Structures are given as C-alpha cells and as structure tokens.
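Quick note: the sequence shown uses the working numbering, first residue 1, plus one each step.
Since the hints were made in silico from the structure, they are not lab data. Remember, it's a predicted structure, so these values are computed and weren't measured experimentally. Quick reminder that beta carbons are idealized off the backbone N, C-alpha and C, glycines included. Mixed in with the good hints there might be a few duds.
As the list claims (entries may be wrong) - Computed beta-carbon distance windows for the label pairs: (1) L106 - A33: 15 to 25 Å; (2) G367 - A387: 26 to 36 Å; (3) R451 - L106: 30 to 40 Å.
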Amino acid sequence: MEPFVYLDLDGQGARYAQLIRALKGAILDGRVATGARLPASRALARELDLSRNTVLAAYEQLQAEGFLLGRVGSGSFVANVGNTVPQKRASNTLIAPLSAFARRALANTDGRRIPGRQHLDLRYNLQYGLPLTNPLLGSVWRREVSRAAEHVEFDYPDAQGLPALREQICDYLARRRGVPATPEDVLVVSGTQQAFALAARVLLEAGDTVVLEDPHYRGARQSFAAHGAHARGCRVDADGLVPAALPSSARLAVVTPSHQFPTGALLPLARRVELLDWAAERRAWLIEDDYDGEFRYGGRPLAALKSLDRDGRVIYIGSFSKALFPALRLGYMVLPAVLRDAFVAAKWLEDRGCNALEQAALAQFMGDGGFERHLRRAAIALRARRAAMLNGLKKHAAGVVEVVDSNAGMHLTAWLTRANHGDCERLVAHARTRGLGLYTVAPYCLKPPPRPGLVLGYAGLPPADIEAAMRLLGQCLREVGLAGD
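Could you put together the complete structure from these sequences and hints?
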C-alpha cells in the first residue's frame, strides 16, 4: 500500500516524535485535506520502516492534540484544524523593512556579494587586487597554523588583538615604515575595510563630510557612504593629493601618500607637512592608507606620513591582504592615544576580536623571520611581472598609452592618449570577448577623470602570461581603431 502523502522524518530525537512532526507538517501545510483517512498503523509502519507501536503512539498523541479523529472500526481521519494551502509568492515581491544603513549599503555595492570581483574566468585577467600566487606560502602557512594550534587559548581573544602580534607589528613598522608605535597603539582588524567601517562609526555622524582623493580606493567611499557621510573629492596631480585644494572644513580625510591609489603618485615631503598642518588647524583626522607599502622596486621611499605626525591627527592603516593573501583577513590600525579606547570598544561590539589562531600563526611567522623572507621573494616575483608589463606596453601600445611608473605596488595606471571615455569602454568590452580583462580608472573617481585610463594589475599572472596579455592588448587596440597597424 502506498502512503497517503510523502513524509520526511528529520532524524532528530525519538522516532515517534519525528513522525508526529512530519504528520503535523503535512496537515498544517494543507498537503492532507480535512477528513482524509490516514493509512492503517501496520501499513504506515511498514512503509516508513517503523514499529507499529511507534505509529500507534504518534496517532494517539495527534488525537489528543486535536489533529486526528479516531473512529472505531474505521481508522484515523484528519480533523478540521483550519488549515489552508498557502499561496506561494515570488520572493522578489516580498518587502523587507530595511534600515537606512542597509539601503545605503545596497546602493553602494549594487547588492553584489563581493563587489568588484568579476570576470575571473578570463584567460588574462588584469584586475587590481588579485593575489600573488605562491604555492610555497600555502604549505608554510599550514605549518604555522598547526604550530599555533598547539598553544593558542580557546577563550575569546583580546578584542584589541593578541599582544604578541601587536608587538611584531610595531617592530615591523619601526624598521620598514619609520612609524613609532607601542602595542597599546595598535588595533588588529579584519582588513582595511573593517578599519574604514570602524572609523566611520567612531569619528563621523550621518551627514558629516569625509574628504577622499579623486581618484581613490572605492571601498573607502562605499563604507563611508553606507554610514551616511558625504564624500568630497580632492584633486590629485602627478605629485599626489593637492593640499591647497582641501576643503576648509571636514571631519576626516583619507589619503594614500606613499603610493596614491590608483595613479601611483608619491606625495612629496612639502605636501605632507602641508597636509598635517591642515589637519592640526582644523582638528580633523587623517587616515593614512598604506595599502602596499611593502613593495618598492627602486629608490628609497619616504617614511610614512604617520612618522611625521606630532599632533596626533593621523590614523595609520596597514593590511596583510597584499603582503600575504586576502583570505587571511587581518590588518591593523595605529591609533592616536585619545582614540584608542573608542576604537577598541567599537571593535569589541563588532566581532569580539579577530581569529586568535590566525593571529598567533602570523605572530610566529613574523617573529621567526618568515614574513620578511616571504616579502623578499614576493618582491622579486612582482618586479619580474612589473617588468614584463612595462616591456609589453612599450612594445605593443607605444604612443597609445602613457604609463605612470611609480616603482611600487602591484599595478600600473595607463592613460589612453588617443581616446575618449566612450572609446575606453569600447576597448574594455571588446577585450573581454578576446579573454582579456581590462578595468578603467572611472569607477575610482567621484567625477569623470580628464582623460580615460586603465588600472592594470599584474600580481595575478606570471610574466609569460603578462607578455601574452600585452600582445593581446595591442591587438585589441588595433581592432577598435585606437592604434595603427
């Protein structure tokens, strides 16, 4: 005998309790009509591979609760419990009562799960931010995590970050970036993006103005806009941000003085001093985003802006996403003393602290010298990829693009000399049909840049692939009419 309706036991608890839940669900969902006769206990027991006593116990309980009616000699029938077949509605017709923050967050990310991560199936994807592939680092990191697991505490970690990791960060910053800091100054965060979100919560009210370089890192703009701040752009030229163009009043400014994103400009010392004076006079805060300060390929870099800060106005942000890999989700902030408690409190409320196991592994890796060795190997690999891209652009796009070479980072900016913005978009679309991922400068700007440009990331491809990508770029330039034969 076939069962009267499909019943799915959930495997949780006693078998008779599972059967009760399954029968109740079928009745309340309207899958079994009022007055319908249930199978005999022996038949249902055989069908569901249950004992007859289990089925009888379930029937008796449902009768006691009013779901079934028992008729002597006739069996068990479904009682009238007011069940109706629910009308199914398309999920996109439901209206969710979202907060103002949620509406702004959706508006600024287009609802994408990972904004900006697109076209990863392309043969040659030159998207900025793709990690440097290093199989050796994977095995080394697994070893470090395994070692850390032997002694890490299983309790909630210090919300400010493990002391051992904060000590290593201070030592690294003092040697490599000239930043004086104590472990009490450092807050470990889950990357640059969380640092921006915490800054928005701690320093800004809805409606406040935040100054961004124009162009700038888009993730910063999205985070501040989601919190209700108004972004105002400040002009950038060949030497980076122009302090004379800063507005007279703003609560906060975000700058990338050591490698302007995305143009690559290096802010000279005189402008750094002028920028610090602007912040001190207006009691504004400066966020220094040192997003790829680890990688320079020529000349001695200027020390970080934070190293010049005498008035306690600079919040320094660093991340291990570029130096190691984005999946690590660890970064740090160096905070002025007056802001420490507020930022640590905000971090504690946010997530109670970053993953202790990963923090402990990273502290070991840095303390044993493994991090520095990795940086040296990574710099060699990136230098070769950068050279391949520069040589390829010179060979296949000479006269068509003007390359800004800042001897640093993981990307180049190439300005198109014979095209307008429409031509640039046409080039990008055509290149994707050929398996080449190109990305324009425009999304990083508050207002259209004076000329079209491309942001070309080179970390994600080996030199041979970069050479092939540059050759394909030359072909695409010719095919859309931006270069001669």
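Hint-by-hint comparison with the structure:
no.	hint	result
1	L106 - A33: 15 to 25 Å	42 Å, violated
2	G367 - A387: 26 to 36 Å	33 Å, holds
3	R451 - L106: 30 to 40 Å	32 Å, holds
The earlier numbered hint that this structure contradicts is number 1, and it is the only one.
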